[in-house]
Each structure stands twice: as structure tokens, then as C-alpha cells.
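Participant: Generate coordinates for the entire structure from the input sequences, incorporating the hints supplied.
If you read the sequences in order, they're chains A and B. In terms of the numbering used here, the first sequence opens at residue 1 and continues consecutively. In terms of the numbering used here, the second sequence opens at residue 1 and continues consecutively.
Honestly, I wouldn't trust all of these hints.
[What the hints assert, rightly or not] Chain A regions said to be covered by chain B (calculated; three or more residues, Cβ under 8 Å): (1) 109–120; (2) 123–132; (3) 202–213; (4) 229–235.
[To be verified] Which residues of chain A face chain B? A partial, calculated answer using Cβ under 8 Å: (5) V101; (6) G241; (7) I244; (8) V245; (9) V248; (10) L249; (11) N252; (12) L253.
Just so you know, the hints here were simulated from the structure itself, not pulled from any lab data. Heads up, the beta-carbon is just placed ideally off N, CA and C, and yes, glycines get one too.
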Amino acid sequence: MSRNLLIGGALTALFVAATLLSFFWTPGDVEALDIARRLRPPGAENLLGTDHFGRDILSMIMVGARTSIAVALVAVGIGMGLGVPLGLAAAANSGGWLDEVISRLSDLIFAFPSLVIAILITAVFGAGAINAIIAIGIFNIPVFARLTRGAALSLWKREFIMAARVSGKSRARISAEHILPNVANLLIVQGTIQFSLGILAEAALSYVGLGAQPPVPSWGRMLADAQTMVALAPHVAIIPGLAIVFMVLGLNLLGDGLRDALDPRLKVMRT
Amino acid sequence: MLRYALKRLASLIVSLAVASVVIFLVVEVAPGDPASFMLGINARPDTVAALRAELGLDASPLQRYLAWVGGMLTGDFGTSYTYRTPVSEMIGDRLWISLPLAIYALTLSTLIAFPAGILAASRRGSPRDIGVMAATQLGVAIPNFWFAMLLVLLFAINLRWFSAGGFPGWDNPFQAMKALTLPAIALALPQAAILARVMRSALIDILSEDFIRTARAKGLTRGQALRRHGLRNALIPVLTIIGLQFSFLLAGAIIIEQVFFLPGLGRLIFQSITQRDLIVVESVVMLLVFAVILVNFLVDLAYAAVDPRLRTRA
Numbered sequence: 001m002s003r004n005l006l007i008g009g010a011l012t013a014l015f016v017a018a019t020l021l022s023f024f025w026t027p028g029d030v031e032a033l034d035i036a037r038r039l040r041p042p043g044a045e046n047l048l049g050t051d052h053f054g055r056d057i058l059s060m061i062m063v064g065a066r067t068s069i070a071v072a073l074v075a076v077g078i079g080m081g082l083g084v085p086l087g088l089a090a091a092a093n094s095g096g097w098l099d100e101v102i103s104r105l106s107d108l109i110f111a112f113p114s115l116v117i118a119i120l121i122t123a124v125f126g127a128g129a130i131n132a133i134i135a136i137g138i139f140n141i142p143v144f145a146r147l148t149r150g151a152a153l154s155l156w157k158r159e160f161i162m163a164a165r166v167s168g169k170s171r172a173r174i175s176a177e178h179i180l181p182n183v184a185n186l187l188i189v190q191g192t193i194q195f196s197l198g199i200l201a202e203a204a205l206s207y208v209g210l211g212a213q214p215p216v217p218s219w220g221r222m223l224a225d226a227q228t229m230v231a232l233a234p235h236v237a238i239i240p241g242l243a244i245v246f247m248v249l250g251l252n253l254l255g256d257g258l259r260d261a262l263d264p265r266l267k268v269m270r271t
Numbered sequence: 001m002l003r004y005a006l007k008r009l010a011s012l013i014v015s016l017a018v019a020s021v022v023i024f025l026v027v028e029v030a031p032g033d034p035a036s037f038m039l040g041i042n043a044r045p046d047t048v049a050a051l052r053a054e055l056g057l058d059a060s061p062l063q064r065y066l067a068w069v070g071g072m073l074t075g076d077f078g079t080s081y082t083y084r085t086p087v088s089e090m091i092g093d094r095l096w097i098s099l100p101l102a103i104y105a106l107t108l109s110t111l112i113a114f115p116a117g118i119l120a121a122s123r124r125g126s127p128r129d130i131g132v133m134a135a136t137q138l139g140v141a142i143p144n145f146w147f148a149m150l151l152v153l154l155f156a157i158n159l160r161w162f163s164a165g166g167f168p169g170w171d172n173p174f175q176a177m178k179a180l181t182l183p184a185i186a187l188a189l190p191q192a193a194i195l196a197r198v199m200r201s202a203l204i205d206i207l208s209e210d211f212i213r214t215a216r217a218k219g220l221t222r223g224q225a226l227r228r229h230g231l232r233n234a235l236i237p238v239l240t241i242i243g244l245q246f247s248f249l250l251a252g253a254i255i256i257e258q259v260f261f262l263p264g265l266g267r268l269i270f271q272s273i274t275q276r277d278l279i280v281v282e283s284v285v286m287l288l289v290f291a292v293i294l295v296n297f298l299v300d301l302a303y304a305a306v307d308p309r310l311r312t313r314a
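Facilitator: Structure, rendered in C-alpha cells:
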């Protein structure tokens with residue numbers, strides 16, 4: 001097992017475990033305000049200190065991770081759920097009008113500055129986790145469509161696909177039974193990367209107030225709240241940021257590690 | 001080349017047309033009527049109706065769409081509902097912060113990424129390479145707005161070298177650049193990390209080519225071969241990424257402006273959103289989309305000019 005896979009897997013597992021644990025137990029109550037204990041530095045009683053309302057930061061990070069993970073995960077789900085079938089269909093009808101339409105549409109979405117449009121969508125339809133998911137998810141669709149199409153196109157030229165066609169299987173059936181399993185590795189690796197990008201996008205949206213709304217804790221929101229207190233109590237600004245960095249770093253290393261383990265030749269998109 | 005350019009131009013126009021329709025529709029279905037919002041909840045219905053007529057809101061959506069697009073083509077971006085000033089003026093003022101910021105950040109990112117990428121590629125697998133790659137892993141994982149907060153904490157609050165935010169105007173260019181320095185660094189970091197990775201992998205691909213071996217065989221050192229023959233060829237993929245990054249920089253600038261209280265396009269968007277000044281939101285977003293599509297178009301052309309093989313594709 002490679003070092004990337006080990007470190008990335010461990011970091012990701014740590015965050016997932018802490019998130020799951022938060023449903024049953026957190027060190028403090030994230031809804032109870034205790035102004036007397038506000039802005040305490042990290043110590044024995046509050047491992048990561050307290051925020052401006054006296055809430056335990058470790059508990060806030062654990063509960064906030066739910067928002068980050070849920071938003072990013074569903075956004076990847078939207079991207080895969082719609083993008084993969086579109087990419088398969090485009091490749092199966094390569095050169096036809098359907099391929100042309102799907103390819104042009106994904107080029108078009110790629111040309112949009114995604115975060116600007118995400119800001120527009122959430123601003124117009126109201127801030128909140130659901131709209132953040134949609135805004136991030138839309139831009140995942142062309143990523144998966146393009147990736148799937150590219151990988152599927154080269155598979156369609158292979159002999160085992162020819163054999164399947166000769167045996168009378170329809171294009172749709174070949175796509176589902178033979179193409180999809182062969183692009184699965186690539187999709188898993190790209191999914192990990194999109195997941196980490198989703199975490200960053202969610203943090204940015206909730207930082208500008210367009211993501212999950214209070215009292216639901218979210219990492220971006222915690223940073224926005226901390227901004228005015230950064231001189232007074234730096235830990236309230238530093239700790240949630242570190243949570244984002246470690247989560248994203250973990251997912252990226254996991255993605256790289258998975259790619260190396262599954263097939264080092266896989267070409268993933270990272271910009 | 002001309003045929004390729006025309007083809008790309010046609011797709012640029014289609015992209016812009018589709019973008020304008022999408023943006024218009026999104027804003028169109030937005031809940032909340034600007035006229036009632038401006039007049040407050042106690043306004044009489046006939047006052048609201050009169051204001052709607054004055055703002056042109058009583059026309060059909062198609063008429064308003066055509067008026068908006070037609071206006072933009074002639075440089076008229078409409079009039080702000082809230083301030084009653086031409087949107088083009090408001091954008092013009094703000095653009096002088098956002099555009100220099102994006103260019104400043106792009107310059108910094110290139111200045112960091114090129115040496116880092118070359119350093120890593122020239123000794124693949126060495127401690128230098130591993131160090132650069134580890135730094136880029138960290139760079140892509142750090143949210144730029146959080147990095148901006150850390151910069152403020154260190155350089156503005158503790159060291160007092162820079163101010164924590166605000167913009168003094170361009171009367172004193174030195175002060176203006178100084179105010180944009182921390183925001184530009186925050187914006188440049190993640191982009192530099194991505195660019196350095198692309199630079200490294202492009203160079204590594206090229207260093208295994210036959211023509212590099214020939215160059216080495218005729219007596220060039222590794223470094224000379226890399227500089228004279230490798231770098232120029234690696235620039236093609238790097239150029240594409242720089243074009244793509246422009247869009248990330250613009251979007252990033254919107255967020256970073258919030259951290260540093262810079263009165264740029266980003267703040268204009270957020271301000272207009274809260275005031276339901278939809279014409280401003282529409283026009284600013286359209287302008288940003290236009291800038292991104294245009295930059296990508298220019299990159300495509302530059303790409304085709306450098307590499308004739310690409311003209312036959314697409």
C-alpha cells in the first residue's frame with residue numbers, strides 16, 4: 001500500500017468516523033450558548049477551545065463536518081448520476097447528434113466560472129445547503145460526462161466490445177454491462193477529487209453566507225464568524241481552517257493513492 | 001487558421017447567447033419584486049405599479065431580455081434600481097479593483113509556479129521534487145479565504161506591515177498596490193500550486209522525448225536542453241491552464257474581496273443581491289462570464305497559432 005493511500009485513507013477515515021460519532025456523542029453541546037466561557041483557548045476542558053458564544057469548537061467541527069460531507073457527497077452523486085449516463089450515451093452514439101449535443105453542452109458549462117454561477121444560484125433561490133448542493137452538483141455533471149465519454153470511446157474500439165456487438169447486444173446494454181465496469185476505477189478516482197473540490201466550494205459558499213444557515217454549524221460559517229475575532233482569539237479562525245485543509249488533503253491523497261493502486265495510467269482531470 | 005478562428009468565434013457567440021439566456025432566466029424566476037422591495041412593505045399598490053412601469057418591469061420577459069441584451073451590445077448595461085446610476089459606471093469603478101487584483105494574482109502565481117515546476121521536473125524524485133510536490137498538495141487543499149485570514153493575522157495584526165483591509169484608491173499607486181498585495185497572495189497560492197503541478201508534468205513528459213535526447217547528444221547539459229527546448233514545448237499545456245485559471249481567479253476575487261473589504265465587483269454583487277438590485281447582478285455576472293469565455297477563446301487561438309495540428313481538430 002502506498003504512502004498516499006495510507007495517509008489519505010487514514011485522514012478520510014478519521015473525519016468520517018468523527019462525523020458518524022457526532023450523531024451519538026459530542027464533547028459539548030453545539031446548541032447551548034455559554035457566554036461566560038467564550039473564546040477560551042484550547043485546553044483540557046475544551047480540547048480545541050470555545051467560540052464567541054462559548055460553544056465547544058471540537059463539537060462544532062464534528063457537527064459541521066456533516067454539512068460539508070453531505071453537501072459534497074450529494075453534489076458528487078448528482079454529477080455521477082447524470083454525467084456518467086450522458087457520457088456513456090455520447091460515446092455509444094459517437095459522431096451522432098446526441099454526442100454532439102452532449103459534448104457541446106458540457107463544453108458550455110465548463111466555460112462558465114462555476115463559483116460565480118453557484119453564487120448566483122444560491123443568491124437568487126435563497127441561501128441554504130440544498131441550493132449549495134445543486135449549484136455545486138451542476139458543475140460536476142460535465143466533469144463526469146466528459147471523463148466517461150473519453151474513456152468509453154477508446155473501449156468501444158476494443159475487441160471484446162466488438163464481440164459483444166456481434167453477439168447481438170444493444171448499444172445501451174453493452175454500455176451498462178461492459179463499458180461501465182471498465183470505467184469504474186476512473187470514476188472512483190475522479191469522484192474522490194470532486195468530493196474534495198465540493199468540500200472547498202461548500203466552505204467558500206457558507207463563508208460568504210450562501211451555504212447552510214445558522215444554527216446548523218458549517219466550517220465556512222465558523223470562519224466567517226471568526227473573522228472579526230481573529231486578533232482576539234486566533235484559534236477560532238485557525239482550527240476550522242485546519243479541519244478543511246486536512247479533510248481536503250486526505251481526500252486528494254486518497255484519490256492519488258487509489259489511482260496508483262488501481263491503474264497509474266488513469267488520466268484524471270484536476271484544475 | 002482563418003477557418004478555425006471563425007469556427008471558434010461562432011462557438012463563442014453561441015456560448016454567450018446561451019449564457020445570457022441562462023442568467024436572465026435564473027434572475028427572472030428569483031422570488032421578490034424589486035419595486036416592492038425598494039418601496040418597503042407599506043407602499044400603496046399604485047405606487048408600486050408606477051415604479052414597476054418606470055423601471056420597465058411591466059414589459060414581457062422577452063421584451064426585457066431583448067432590451068437587456070441589446071443594451072449591453074451598445075455598452076448600456078441598464079440603470080441600477082437602487083442607486084439610479086448607470087450600471088456600466090458602477091461596474092467601471094469596481095473593475096479597477098477586481099481586474100488589477102486578478103492580474104496581480106495571475107502574475108504572482110506564474111512567478112511562483114514556473115520556477116517551482118522547473119525545479120521539480122529537472123530532478124525528478126529528488127528531495128527538491130518531493131518538497132515541491134508536497135507543497136503543491138498543501139496549496140490545493142488550503143481554501144484561499146482562510147489563507148487570506150492567516151495573512152491578515154500575521155502581516156496586518158501581528159507585524160503591522162499591511163492594513164487588514166480596505167482600499168485607498170489609485171491616487172497613490174504605491175498604496176493601492178500595497179492594499180492589493182495580501183489579497184493577491186491569497187488568491188495566487190492555490191493557483192500557483194495547480195500551475196506548478198501542470199508545469200512539472202508537462203516538462204517531465206517532454207524531457208523523455210527524442211529531440212531532448214538529441215539535444216543532449218549534441219552536448220547540451222540537462223539544464224540547457226530543458227531551458228532551450230523543453231520549456232517552449234511545455235508552455236502549450238501551461239498556457240491552457242493559465243486561461244482556465246482566469247475564471248477561478250475572478251471567482252476567487254469575489255470571495256477574497258469579502259475578506260479584505262475591497263470595494264470590487266464581488267462586493268458589488270453581494271450588495272446588489274441583498275438590495276434585490278437584479279439588473280446589476282445580471283450585468284456583473286454576464287460580464288464575468290463574458291471575460292472568462294473571451295479569455296478561453298483567445299487561449300484557443302494562441303494554442304492553434306503555436307501548434308498547427310490543433311487547427312484540424314475541434
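Participant: Min Cβ distance, V101/A to chain B: is it shorter than 8 Å?
Facilitator: violated (12 Å)
Participant: Mind checking, does the stretch 229–235 of chain A have 3 or more residues with a CB under 8 Å from chain B?
Facilitator: Our answer is that it holds, as 3 residues pass the Cβ test (under 8 Å) against chain B, meeting three.
Participant: Against chain B, with CB atoms and a cut of 8 Å, does the hint on L249/A hold up?
Facilitator: Holds, about 4 Å.
Participant: Are there three or more residues in the stretch 123–132 of chain A whose C-beta lies closer than 8 Å to some C-beta of chain B?
Facilitator: Answer holds; 4 residues pass the 8 Å Cβ test.
Participant: Does the nearest C-beta of chain B fall within a distance shorter than 8 Å of the C-beta of V248/A?
Facilitator: Since the shortest Cβ distance to chain B is 4 Å, the answer is holds.
Participant: Holds or violated: G241/A as interface residue toward chain B, Cβ cutoff 8 Å?
Facilitator: Because about 4 Å separates G241/A from the closest Cβ in chain B, which is inside the 8 Å limit, the hint holds.
Participant: Answer holds if the nearest beta-carbon of chain B is closer than 8 Å to that of N252/A; otherwise answer violated.
Facilitator: With Cβ-Cβ at 6 Å, under 8 Å, it holds.
Participant: Closer than 8 Å between Cβ atoms is the bar; does V245/A clear it against chain B? Give me holds or violated.
Facilitator: This interface hint holds because 5 Å falls under the 8 Å limit.
Participant: Count the residues of the stretch 109–120 of chain A with a beta-carbon closer than 8 Å to any beta-carbon of chain B: does the count reach three?
Facilitator: holds (count 9)
Participant: Has the stretch 202–213 of chain A got at least three residues whose CB is nearer than 8 Å to a CB belonging to chain B?
Facilitator: holds (count 4)
Participant: Less than 8 Å between beta-carbons is the criterion; does L253/A satisfy it with respect to chain B?
Facilitator: holds (7 Å)
Participant: Answer holds if the nearest beta-carbon of chain B is closer than 8 Å to that of I244/A; otherwise answer violated.
Facilitator: Hint holds; I244/A Cβ to chain B Cβ min 5 Å, cut 8 Å.
Comparing the model with each earlier hint shows a violation of hint 5 alone; every other hint is respected.
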